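Residue numbers (our numbering), protein chains in the order written: chain A, 1 to 238; chain B, 1 to 685.
If you are wondering where the hints come from, they were derived from the structure by calculation, not from laboratory data.
Among the clues, some could well be false.
[Claimed, not checked] Listed next, with one range per pair, are the computed distances between beta-carbon atoms:
(1) B:K452 <-> A:K31: 45 to 51 Å
(2) A:G66 <-> B:G653: 50 to 56 Å
(3) B:E601 <-> A:G66: 32 to 38 Å
[Unchecked claim] The calculated DSS-like cross-link candidates involving lysine-lysine, where the alpha carbons are at most 30 Å apart (straight line), are:
(4) A:K31 <-> A:K117
(5) B:K542 <-> B:K567
(6) A:K44 <-> B:K168
(7) A:K190 <-> B:K606
(8) A:K190 <-> B:K621
(9) A:K145 <-> B:K557
(10) A:K145 <-> A:K44
(11) A:K145 <-> B:K618
(12) A:K190 <-> A:K218
(13) B:K621 <-> A:K145
(14) B:K339 <-> A:K218
(15) B:K168 <-> A:K145
(16) A:K218 <-> B:K557
(17) B:K621 <-> B:K339
(18) B:K645 <-> A:K190
(19) A:K145 <-> B:K606
[As the list claims (entries may be wrong)] Derived list of chain A stretches under chain B, where covered just means 3 residues or more per stretch with a C-beta under 8 Å from a C-beta of chain B:
(20) 33-46
(21) 64-72
(22) 110-122
Predicted model, so just to flag it, every value in this text is computed and none were measured.
Even glycine gets a Cβ: it sits at the ideal position worked out from N, Cα and C.
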Amino acid sequence: MRRLSTASMVVAMLLGGCGKRVPVAVSLTPKSFGTQIVEQSGGKQTTGVGARLADPLVVQVNGADGNAVVGALVKFRGDGAAFVPAQALTDDSGQVSTIVQLGSVPRSYLLVAETLKQGGDVAGITMRGTALGYQEKVGKQVSEKYCTMCHDPESTTERVSNFDNLAPPAPHMLSDGTVLNSISDADLIKIIADGGPALGKSPQTPAYRNTLTTAEIKAVVAYMRAIADPPYSQPLAK
Amino acid sequence: MSAQTTLQRIASFLLGTPARRFASISLLLAVVSSIAPTRDLFSEWRHYQRQYRQLIQHRTDAARLEKRFQSGIQQIWIPEQHVVDRCSTCHVALQENSLASQTTQPFRPHPPMPHALNEFGCVMCHHGQGAATTVTEAHYSTKAWEQPILPARYLEASCGQCHMETLKGTPQLNQGRRLLARYGCAHCHAITQPDGTLIVPVDEPPSLEHIAEKTSREWIFAWIKNPQAYAVSATMPNFRFNDHEATDIANFLIAQSNASENSKTALTAHASLPSSELAAVEGPGIYGMMFCASCHATQNSKGNLMGGDLAPELTRVGNKVNPEWLRRWLKAPQGYDPKTRMPRYRYDEKQVALLSSYLLAKKDDDFLSNVHLGPSDEQSVARGRKLTADYGCAACHHINGISPPEGFAPDLSRVGSKPLFQVGFLRGMPETLPDYISGKIRDPRAFGPALKMPSFTLADGQVEALTTALLAQTDRAVTMPPELVRSSQHARYHPGGDAGRLMEDLRCQSCHTINGNGGDMAPDLTNEGSAVQRTWLLDFMKNPDTLRPALIRRMPKFNLSDDEIRKLCDYMLTAYQAPGFDSDALDPRALNSEAAARGKELFYTKYACQSCHIADFKQDKGYVGPALADVGDRLTPVWLYKWLKDPDALVPGTAMPNPHLSEQEARDMTAFLVTRKAKKKGGGK
């Protein structure tokens, strides 16, 4: 029994990224109640394994009239993710902001924010934070150098996006899960390695076989899978 | 009474006769000698191995997994790297990728990584006690073993034990190493990397030998008190001096200042100094033409920094500099500071006057309004001199009469293996090395008010990055077999001769890399002589026009004389030649009009080059690579041909993918591109 509890504690600590141990706080008492909780910002970030998300996760509690509610209780939970604070009352603008630290396993972490409604029911919202492992980090670096100037319409200061300059068909965002989740790893690797025409698509995607290594191409695919929205789930092994 | 009788009866039952005695002692021996095997039977690792077999038995691939499973203690032993790792005794599925969806430890497979498990083992990267076979001993810090598992967010530190070069998979380590050099850590701390090279600071703090010419006592006071109040992007740390100390230091710095070369040249009074209205209208044009923003940033009305970070922020430069100093500086920066990275522009008096008036207007009227210093005296200067010496100011800045301190701060070459018994932790702080290092970077004076290390203004991510870079400085890294250590090369190339002096004067290598030495803001010029045509280069130096429409940072206009331009171009065309560019590399007869027509078809249809390049401004929009509408004037045909064949061979790390053209295709495409010339109607048909 003791062995089991030690083991589960160890697993919990490993998953919790060995972060600061925050003593379990007594639940706060809400001063008011909302009916709905919505995301304000920070709901789709990526970071390294075991690291904090760069921006805080901000949620807002609204009442039945759609207006923000001050003093409502918000609790955060997530399998393997740690929150500081893990619970708080909404501030003057009806919002709560928390710092999120993801676990040490490279994967997507579900981040749940819940608020207590009048009468004891709970309203919740589920967001995501993605921890990138070695392979996904390589993929991110490679894609930022070679891919995003066409595949991301958001421009950066130095690299103005080329997205709008291209002839149709428009490129997909690397995170566009609605389209890319249905393409197999093998096909994505083929498009990157041999260019669009390899799968009968536009030659505007050049071939990278002689520029990137196989490991780098696989890393780009792993990164795309990690940031896919809606999330990508691996096909079952045959 | 009765207890005694019971004992007597038991004793006589067990030991009454010699046979009974023998039997009892044998039994006792058997029990004692079975303790160890029994404990082993119930050991943690056996438990995990049993759990694992239960976990896999209902899977469709159970037979295959069971076959690959090895029971008993498992060990990776690499004597030359001091690796004895038994982690895979419990982490049984490290190499079973089919269990990727398994999230419970210790049964997760290892995520993809660049090394094979049995080449380096586990502890090399993750720390912990590899030989241990219980969870606590292997993972956590004990009295006998201080190296607990390294938290995942610092894991990139382990790559840095062998890799000094910039890796794609270690953004945090790379950032940390950049920060160590950029925030001047290495001015005070010696940090010898595992390949034996020292971390070299790149921040180049200004010399203070002539500071009285440049600024005022009041500004120095305000700056010392809070550098970031003057410039949010300042890397100068805050020493938390009180008002008296800051005044003393300001008094001393003014007192030690002597005359620069610049001050000895008379400043020709410009007949009519431009009015501030005129400067406001014409100043931005000159600021833009000189591309000051390529290196210097200013804060815009929203508080965002706009511009480069190679040189000081200019948001409030009008609060800082003396107008005469500024005009002299703009004319000849090296006359004030021979080591500055600022190029010497060739601007006339009127342009300099306009630009300096424009810059002086960049100020915050309230900035120095509350600074009122009493007159300086000898005692104050003496106190300032002592403070300056005590706090190691000369480790970063040149100061007259104070030599740079030696061994001023602890050597950090092995800080990643610092024994915990040597560490004074703060109360309430987790007693681990990463927590200590990041705590020390975040707030050094919290560890003792008498400590001299100043406070740096760093974001959380920067602190983690710095901690990661420092954690790479381990004992293990030093004892690693040398063939495993990957060095990064630091070249010290500087051009020679007359042209070399001119290039130094223009500080070309502040932005351009040549033969491995220089900045990364602008294109590498190592092979420029093989790439470009002479007429184009002459024109470009006269009036640098950007090749890439999307770039904000650009080559400044230096106002070079014709003679200087000729000298520079001749030098570059001769000295910066790539090998294998002789005239027979490409048969000029291959560049005929039929080939050009085929090349055009390849360009637009098969390879869709117009997605990234503009060959014809009327129809193409590609924004990523340089515009090619006049590439026939700019690049040599042989360069084009070789570039198309293998861009990475000519400019390592270029973003241009290798299109893998056939010989014929490369020749045809070259034939098309050489027809792209300026001022000729429309180009191809």
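Task: Violated hints, by number in ascending order, as checked against the structure - done: 3, 14, 16, 17, 20, 21 and 22
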